[in-house]
Amino acid sequence: MSETLSRVPIIDGWFTDDIDAPTLIGAKCSQCGTFVFPPRSSDCPNPNCDSITLDPTPLSRFGRIWSYTENCYAPPLPYVAAEPYEPYALAAVELAAEGLVVLGRVATGVRAVDLKVGMEMQLELDVSHRDADHEYMVYVWAPATPGSEAAQ
Amino acid sequence: MSETLSRVPIIDGWFTDDIDAPTLIGAKCSQCGTFVFPPRSSDCPNPNCDSITLDPTPLSRFGRIWSYTENCYAPPLPYVAAEPYEPYALAAVELAAEGLVVLGRVATGVRAVDLKVGMEMQLELDVSHRDADHEYMVYVWAPATPGSEAAQ
Amino acid sequence: MSNDRDIAILGVGMHPWGKWGHDFTEYGMVAARAALADAQVQWKDIQYVAGADTIRNGYPGFVAGATFAQKLGWNGARVSSSYAACASGAMALDSARAQILAGFCDVALVIGADTTPKGFFAPVGGGDRKHDPDWQRFHVLGATNPVYFALFARRRMDMYGATAEDFAQVKVKNSRHGLNNPNARFRKENVIADVLNSPIVSDPLRLLDICATSDGAAAMVVCSMDFARKHLGNTDGLCRVKAVGTVAPTYPQSVLELPDIASDSTAVVPAPARKWKDTIAFAAYEQAGIGPEDIDLAEVYDLSTALELDWYEHIGLCAEGEAEGLLRSGVTTIGGRVPVNASGGLACFGEAIPAQAISQVCELVWQLRGQATGRQVEGARVGITANQGLFGHGSSVIVAR
Amino acid sequence: MSNDRDIAILGVGMHPWGKWGHDFTEYGMVAARAALADAQVQWKDIQYVAGADTIRNGYPGFVAGATFAQKLGWNGARVSSSYAACASGAMALDSARAQILAGFCDVALVIGADTTPKGFFAPVGGGDRKHDPDWQRFHVLGATNPVYFALFARRRMDMYGATAEDFAQVKVKNSRHGLNNPNARFRKENVIADVLNSPIVSDPLRLLDICATSDGAAAMVVCSMDFARKHLGNTDGLCRVKAVGTVAPTYPQSVLELPDIASDSTAVVPAPARKWKDTIAFAAYEQAGIGPEDIDLAEVYDLSTALELDWYEHIGLCAEGEAEGLLRSGVTTIGGRVPVNASGGLACFGEAIPAQAISQVCELVWQLRGQATGRQVEGARVGITANQGLFGHGSSVIVAR
Ligand SMILES: [Zn+2]
Ligand SMILES: [Zn+2]
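Chains as they are written, first to last, in numbering that gives the first Met the number 0: chain P, 0 to 151; chain Y, 0 to 151; chain F, 0 to 400; chain X, 0 to 400.
Hints should not be assumed to be uniformly reliable.
As the list claims (entries may be wrong) - Derived lysine-lysine pairs resembling DSSO-like cross-links, with alpha carbons at most 27 Å apart: (1) 129(X) / 18(F); (2) 18(F) / 187(F); (3) 274(F) / 43(F); (4) 274(X) / 43(F); (5) 70(X) / 18(X); (6) 129(F) / 117(F); (7) 18(X) / 70(F); (8) 18(F) / 117(F); (9) 274(F) / 229(F); (10) 117(F) / 129(X); (11) 70(F) / 43(F); (12) 129(F) / 18(X); (13) 117(X) / 129(F); (14) 43(X) / 18(X); (15) 70(X) / 274(F); (16) 115(Y) / 129(F); (17) 117(X) / 129(X); (18) 187(X) / 117(X); (19) 43(X) / 274(F); (20) 70(F) / 129(X); (21) 115(P) / 274(X); (22) 117(X) / 18(X); (23) 187(X) / 18(X); (24) 43(F) / 117(F); (25) 70(X) / 129(F).
No lab work stands behind these hints, which were simulated from the structure alone.
This is chain P alone, in the form it adopts within the complex (with noise of 0.2 Å):
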């Protein structure tokens, strides 16, 4: 990472900044329960919930593979690809708590060869790319660490 680069998320609010161990932000109903990502501060999707707000709540770091694939060729803007293009990996991972699947891409490095549904994945974030003075970190799925709560 540079030392010089302002380091800021792809896109607002929707995991925190730490390093370690970050989370998803997702919406909670206070009413019904349920819960919502990306995050939204209003409109439960529960239709047979009236309520209107929504709060933010961390989503579970762990979650298994429903589904998985690998970008061979540079998706089109507004994906910022790096020069040379270095295809890499998406999961969606059910979040067993939340009854959520969600889409991320998955750490550099880890290719879709290494994947199966099933497999236990963390929450890590990583560096999407980089513009003259910022670094942009993205939330990225990798094998759960041995030990870790989802590999139990």
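We have chain P; now place chains Y, F and X with the ligands onto it with these hints.
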């Protein structure tokens, strides 16, 4: 006019490049005889006519003002405005033979205060704008020259 | 008034018009919840969502019906997303009405919301769209929307002797009408001099003659008469949609209309006796089995002050060329025989494209129910809306109770 | 088969799919004129134009109904313009059907056409659209459309043992089906090795597993059974629309669908027993009063080879996890019990978004009439289409004669 700039129409195929007596190029249905502007080569707009072929045809150079206005502020892109901006008039002119009302810019220097519904106008060419290599020509309506076809 | 083509309006709601700069869906949620609460219908019971699209807010705007259904929480309701420029809200209502009358649903949410950019509307889509008349009119002519409004205004002046003061008087009237409307954006009384001292934008129209672009939202809950009867016990005093005229032109469209560069030719087929904008309200009158003389109030599309005068004639309140006289006589002011734009109109609201045809109907409902505090048209029983969207989308809705 | 909710399909037509680079309206005109000629209905007699929108062709694309009506020549027909992403054509058909069954028109033109850019679809609208899920998925994740197709493909592999050869076999089958289809863009027979030797785009999907984006157009003339009877003397052997299912999800949408970044939560309301894509065809079956066992052929939405397999299960041709077996058994190949994508499918056509749900219905009509030269499903009497548009637009149409 600059001698080094190549003169091109602002849009292809809408008018002839005869600087002295330009005409709009409309389309005429070979089957029912109706006219269309802007020109197109297919699809007669008369719903009672199933012709799919339209032929290019010159439109009358002369007509009478149906209505008019003046742009006191610069229109947004893709209009290319000169700097500093100079207000200009627009007129919708009725062509008797074709039964068409055609909207156009009014010749530079002729302002709304100079116009009136019913006034006789004739088609001319004017410079719309320039870039490094081109001078873009546009059709304009100008008060008809005394003694012209329309002014009789 | 009752017939077998009626549907009921159970509830209406808006997000106040303004320039808030938020995501358009936020406004839509407020309007939807207001309409549902007004209808005393729960979201989970809505069976169909007819969204009016916005084309300046990315993908969610193109699928407005789905966007609002998802944000309210997928409830299994079917969705549609309609676009007809400024008439989009009427097309969405028309969609809901057809679904109800065809028996495919009983109760529907009709909704539109927008966030607008500043300044002139420019063509959407970017690049050199040489086939797109909307691109052509800007590039070749610089023909903004106010250019077209101005052509109609100037014609009134040269043909019928309309004056700048007449146009200003429309603004004065509407600014007074909207003064106490909680959903209006501009709530300031204007006098003639305010208008005449504002800068000319497209001659002869001045800044205060032309409506602004706004953020806003409007929604309504509509249903079959059977559903209304079950829901309320009876249908007494309920506002009914008597007609939805969505009227496209008939060749030759002999009047130059936004965004066309030329009219259709009258060389082979003569201009129709009743021109397109004169057919819009009359299609609705015919559906409802009434005429202009039965109307207690009208909400018309005052993109400019002068266009409101055109609409007096198009909807049959007076003959061609007589609108200025009607205005001066006070007939179209609240207290007169047929108040026009009692809401304050676009003069007080500004354009929020997918919402505005719906908002016109909302105003009729509040008026017909006697809930239009501070702008009430006393004893109103029948109202009409009239509106026009680019590319030949005429709309007119008649509501009665 | 007959009931009082039927409408008739009098005529169908297409512009061949390809990559021609022309204005989309040119394709639409060709398809419209072909459908009108097939129906032996004159344009001037059409009362309603239901356009399916394209969002990548500027203003004319947003008001497709009006654009086509104007280009054919304003005939006084009312217009609608619908958008539901890939399901837009079905939404347009649904609009026409509701208008007909509500009695607002007798005969309608349903039409969609597109010109597409090269490469991946990217979000529309430009700028940093931070509120737009379509922008978010590209910017934050690089989640192109094939990413989502690939998630479903990989799941089939890891859960049900699907192989790359199975996926390739779908392409091989469809390439043979479309070989003689005059409207198909790709008319080249592929073998397994062609697919397996093509580069991986989104693992495990290869270039030949994924459908291209195309230019194309499709149109149909639909009408009330009364109109058909007057027009033809009788309705014997006429193709009828028995059902149009336009189905949005019910919360929780527990399967991650394009373009969402997360599923709905199942923490409070459990996932529905029948998931959303399993409800789409079944909504149509219910309307038509039939079941999967009554179907003679199906046109389903093979955005990828693997997704065609998913659809076998969604439309009830087999149980979950059994699609590969069904494919291998030859049931879904022409000559089998229920040929799927006898047209060649998107594999041979590519995506032309507003046209494709309509083109699926066109194929059913040609098949049911016995006019599908070179790809005929012998004795076909009942067919179904299935399709899905971004943001929760499911569509399924059943046609029978
Ligand atoms: Zn809740
Ligand atoms: Zn003709």
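Hints and how they fare:
About 19 Å separates the Cα atoms of residue 129(X) and residue 18(F), which keeps this hinted pair within 27 Å; it holds. Pair hint residue 18(F) plus residue 187(F) holds up; C-alpha atoms about 16 Å apart against a cutoff of 27 Å. Between residue 274(F) and residue 43(F), the direct Cα distance comes to roughly 44 Å. Violation of the 27 Å bound is thereby established for this hinted pair. Between the alpha carbons of residue 274(X) and residue 43(F) the distance comes to roughly 18 Å, so the proposed pair stays at or under 27 Å and holds.
With a C-alpha separation of about 22 Å, the suggested pair residue 70(X) and residue 18(X) falls inside the 27 Å cut-off, and the hint holds. Note on residue 129(F) and residue 117(F): the hinted pairing holds, with a Cα-Cα distance of about 25 Å set against a maximum of 27 Å. For the given pair, residue 18(X) sits about 37 Å from residue 70(F) by alpha-carbon distance, which is inconsistent with the 27 Å threshold. Distance check on the hinted pair: residue 18(F) and residue 117(F) sit about 9 Å apart at the alpha-carbon level, within 27 Å; holds.
With a C-alpha separation of about 43 Å, the suggested pairing of residue 274(F) with residue 229(F) is violated against the 27 Å cut-off. With a C-alpha separation of about 19 Å, the suggested pairing of residue 117(F) with residue 129(X) holds against the 27 Å cut-off. At roughly 13 Å between alpha-carbon atoms, residue 70(F) and residue 43(F) fall within 27 Å of each other, so this suggested pair holds. Taking the CA atoms of residue 129(F) and residue 18(X), the gap is about 19 Å. The hint holds against a cut of 27 Å.
The hinted pair formed by residue 117(X) and residue 129(F) meets the criterion: a straight-line CA distance of about 19 Å does not exceed 27 Å. About 31 Å separates the Cα atoms of residue 43(X) and residue 18(X), which puts this hinted pair outside 27 Å; it is violated. Of the supplied pair hints, the one linking residue 70(X) and residue 274(F) holds, its CA atoms being roughly 19 Å apart against a limit of 27 Å. For the given pair, residue 115(Y) sits about 32 Å from residue 129(F) by alpha-carbon distance, which is inconsistent with the 27 Å threshold.
For the proposed pair residue 117(X) and residue 129(X), the alpha carbon gap of about 25 Å is at most 27 Å, so the pair holds. For the proposed pair residue 187(X) and residue 117(X), the alpha carbon gap of about 21 Å is at most 27 Å, so the pair holds. Straight-line distance between C-alpha atoms of residue 43(X) and residue 274(F) comes to about 18 Å, which keeps the hinted pair within the 27 Å bound. Distance check on the hinted pair: residue 70(F) and residue 129(X) sit about 16 Å apart at the alpha-carbon level, within 27 Å; holds.
Restraint check for residue 115(P) and residue 274(X): the C-alpha separation of about 23 Å stays at or below 27 Å, so the hint holds. Restraint check for residue 117(X) and residue 18(X): satisfied, since their Cα atoms lie roughly 9 Å apart, inside the 27 Å limit. Taken as a hint, the residue 187(X) and residue 18(X) pair is honoured in the structure, with Cα atoms around 16 Å apart against an allowance of 27 Å. The hinted pair formed by residue 43(F) and residue 117(F) fails the criterion: a straight-line CA distance of about 37 Å is larger than 27 Å.
For the proposed pair residue 70(X) and residue 129(F), the alpha carbon gap of about 16 Å is at most 27 Å, so the pair holds.
Of the numbered hints listed earlier, those contradicted by the structure are 3, 7, 9, 14, 16, 24.
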